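Chains as they are written, first to last, in my numbering: chain G, 1 to 317; chain R, 1 to 319.
No lab work stands behind these hints: they were computed from the structure. Note that this is a predicted model, so its numbers are computed, not measured. The hints are all genuine.
Covered by chain R, according to a simulated footprint, are these stretches of chain G (three or more residues, beta-carbon under 8 Å):
hint : region
1    : 153 to 163
2    : 233 to 243
3    : 267 to 278
4    : 288 to 298
For every residue, glycine included, the Cβ atom is placed at its ideal position computed from N, Cα and C.
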Amino acid sequence: MKRDIEDVTSISAADLEKLSKEAAAEATPSRAKIMWGEFKADKPAMASLFILIFFILFVIVASMFINTPKMMETNLMGYYAKPFTPEYWLGADSGGRSIAKELIVGSRNSISIAIGLTIISSTFGICWGLISGYYGGMVDLAMQRVYDFMMIIPMLMTIIVIVTIIPHYNAITLTLILSIFYWMGTSRLIRSRTLAESQKDYVAASKTSGTGNLKIIFREIMPNISSLIIVDTTLSFAENIGVETGLSFLGFGLPMGTPSLGTLIANANDPENITGYWWTWFPAALEIIVLCLSISYIGQVMRRATNAAQRRGKQQD
Amino acid sequence: MWKTILRRVLIMIPELVILSILVFLLAKAMPGDPFTGSINPKADPAQIHHLMEIHGLYDPWYQQYWNWVVHLFHGDLGMSYEYQEPVVDLIQQRGANTLWLALFTMVLTYAIGLPLGLYAAHHEGKLQDTLVRVYTYVTMSIPFFVVLVLGIWIFGYALNWFPTSGSISATATGFGATTMSRLGHIILPGLLGALFGTVNIVQYLRSEVIDAKHSDYVRTARSKGVPMKDIYRHHIFRNSLLPIAAFAGYSITGLLGGSIFTEMVFSYPGMGLLFLNAINFRDYTVITALVLLYGFLNLMGTLLSDIVLSIVDPRVRIE
Numbered sequence: 001m002k003r004d005i006e007d008v009t010s011i012s013a014a015d016l017e018k019l020s021k022e023a024a025a026e027a028t029p030s031r032a033k034i035m036w037g038e039f040k041a042d043k044p045a046m047a048s049l050f051i052l053i054f055f056i057l058f059v060i061v062a063s064m065f066i067n068t069p070k071m072m073e074t075n076l077m078g079y080y081a082k083p084f085t086p087e088y089w090l091g092a093d094s095g096g097r098s099i100a101k102e103l104i105v106g107s108r109n110s111i112s113i114a115i116g117l118t119i120i121s122s123t124f125g126i127c128w129g130l131i132s133g134y135y136g137g138m139v140d141l142a143m144q145r146v147y148d149f150m151m152i153i154p155m156l157m158t159i160i161v162i163v164t165i166i167p168h169y170n171a172i173t174l175t176l177i178l179s180i181f182y183w184m185g186t187s188r189l190i191r192s193r194t195l196a197e198s199q200k201d202y203v204a205a206s207k208t209s210g211t212g213n214l215k216i217i218f219r220e221i222m223p224n225i226s227s228l229i230i231v232d233t234t235l236s237f238a239e240n241i242g243v244e245t246g247l248s249f250l251g252f253g254l255p256m257g258t259p260s261l262g263t264l265i266a267n268a269n270d271p272e273n274i275t276g277y278w279w280t281w282f283p284a285a286l287e288i289i290v291l292c293l294s295i296s297y298i299g300q301v302m303r304r305a306t307n308a309a310q311r312r313g314k315q316q317d
Numbered sequence: 001m002w003k004t005i006l007r008r009v010l011i012m013i014p015e016l017v018i019l020s021i022l023v024f025l026l027a028k029a030m031p032g033d034p035f036t037g038s039i040n041p042k043a044d045p046a047q048i049h050h051l052m053e054i055h056g057l058y059d060p061w062y063q064q065y066w067n068w069v070v071h072l073f074h075g076d077l078g079m080s081y082e083y084q085e086p087v088v089d090l091i092q093q094r095g096a097n098t099l100w101l102a103l104f105t106m107v108l109t110y111a112i113g114l115p116l117g118l119y120a121a122h123h124e125g126k127l128q129d130t131l132v133r134v135y136t137y138v139t140m141s142i143p144f145f146v147v148l149v150l151g152i153w154i155f156g157y158a159l160n161w162f163p164t165s166g167s168i169s170a171t172a173t174g175f176g177a178t179t180m181s182r183l184g185h186i187i188l189p190g191l192l193g194a195l196f197g198t199v200n201i202v203q204y205l206r207s208e209v210i211d212a213k214h215s216d217y218v219r220t221a222r223s224k225g226v227p228m229k230d231i232y233r234h235h236i237f238r239n240s241l242l243p244i245a246a247f248a249g250y251s252i253t254g255l256l257g258g259s260i261f262t263e264m265v266f267s268y269p270g271m272g273l274l275f276l277n278a279i280n281f282r283d284y285t286v287i288t289a290l291v292l293l294y295g296f297l298n299l300m301g302t303l304l305s306d307i308v309l310s311i312v313d314p315r316v317r318i319e
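Let's have the full structure, built from the sequences with the hints guiding it.
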């Protein structure tokens, strides 16, 4: 390589190195770098990121040491035990179950479902939006009608009805059922962006040179809207935490015996609990608030970073 | 414009048909039969068999579906097994409560959201704008049911400012007292719903007004010497507020979905609570009727919004 260059030009290898270093310094930084820079500049964002990562790791590791069936057993000795005691850090509920342990296992369950739901529904929504927006015409029209129809279904009610019909279900089935109903927001966003993207020259050029449609969609358009996808996925993750916990709160989420943040908050449905035994539900409520606020904040910062990348002249979605 | 509206209404018909088929099949998939609970448990199985035959429950599903639709058009939604009352009557009683709460929430949402959006746009980039942004970020992120629980805990139980259950107090008599009592029961849930439901209005209005502020026609008006106050009143508001008004229909979906949580937390006897009770008692006729009704209301809401939008915004019309 070096010799080749020396053959054709008079630039020496040392000069070339210096020139490429200069070019690299002047070039716009990579997207990941811009995003990281945005996080470093924003203290609360860094805090949210660390809280979130630390919390998820803690919950996963700690829940490994907890024997769930044993934890869910009733223990009359601990009936509504007060919090801040050596045995019950956060007190106990009517069955004498330790709230702290329930909180850890419940968080793991709720977060896992939210992650699963986000992965499945976002993947589906992204594919739906890409295909609908790229092909346009009749394909788009038909897909839009399905979308319209999904939007008028009373989601919460239908999910509750399905959950009551199915005799046995577990966390995975529940995630799949929820995924049927939570892809529309993503798909609409991706569709409108793909519509705009397919009008661009590089797509036309790619088509003319005979690239396959699927390759254009997934290898060319999708990388170009990747930052939009990342931001949207983060924000839906924050929303999805509320989906399963909300259902469990109503009593139609995770089956009995599987703690969730929602079932813990459901303790508040008893007027006696809500004031007298606040420790049975308040920690879970607080945790959901902190989780949702930090994830959502991370999403906002990512969105800002995307805009910052645009400001710095990098061709973005 | 008429073309858009006509097309929109025509699209609605197949949607309604598919929704009704879906609801019907869901009802069919539920365990038990319509006579559970309405007859003596010691009844002769042969007699039940006979009843099933008379009521056409052995017919193919499309035949049953057709019968159901015919009854539907006669306003006959069946009997509730739990309440032993026609479902139509039940929904009429409970529907009024849900309707009041939803209307109250919607009015409050606009009353809070519009000024905030305008305020933020007016002070674009300043501290006030940031504060409004923090408010929308917080209200958008927290799941609504958590807000309801915290709200009823603080303002209902701890401070005892508002009632914590029911839609009217038992002691209220006379028109004035009952109205006040009804209002007292919906203030807290309505206020919470409104405070945490303004995100779309605030964000949309803010960006619309900011766009308009920097547009050419506003600059022209300013350079002609029109006072800024008049520009806001006659140009900016007119252009930005109309699409917002059209959002009212879309927000029905959110309000109805939220009503299940609100009515559960506040033990407010509306359709959401009726639905949850019906699920617990496996009261299938009520469940079917409510799912269909909510779907129909969603449909009407979107239709309304689409029509209003096509009137105020010529860009969405089809030529």
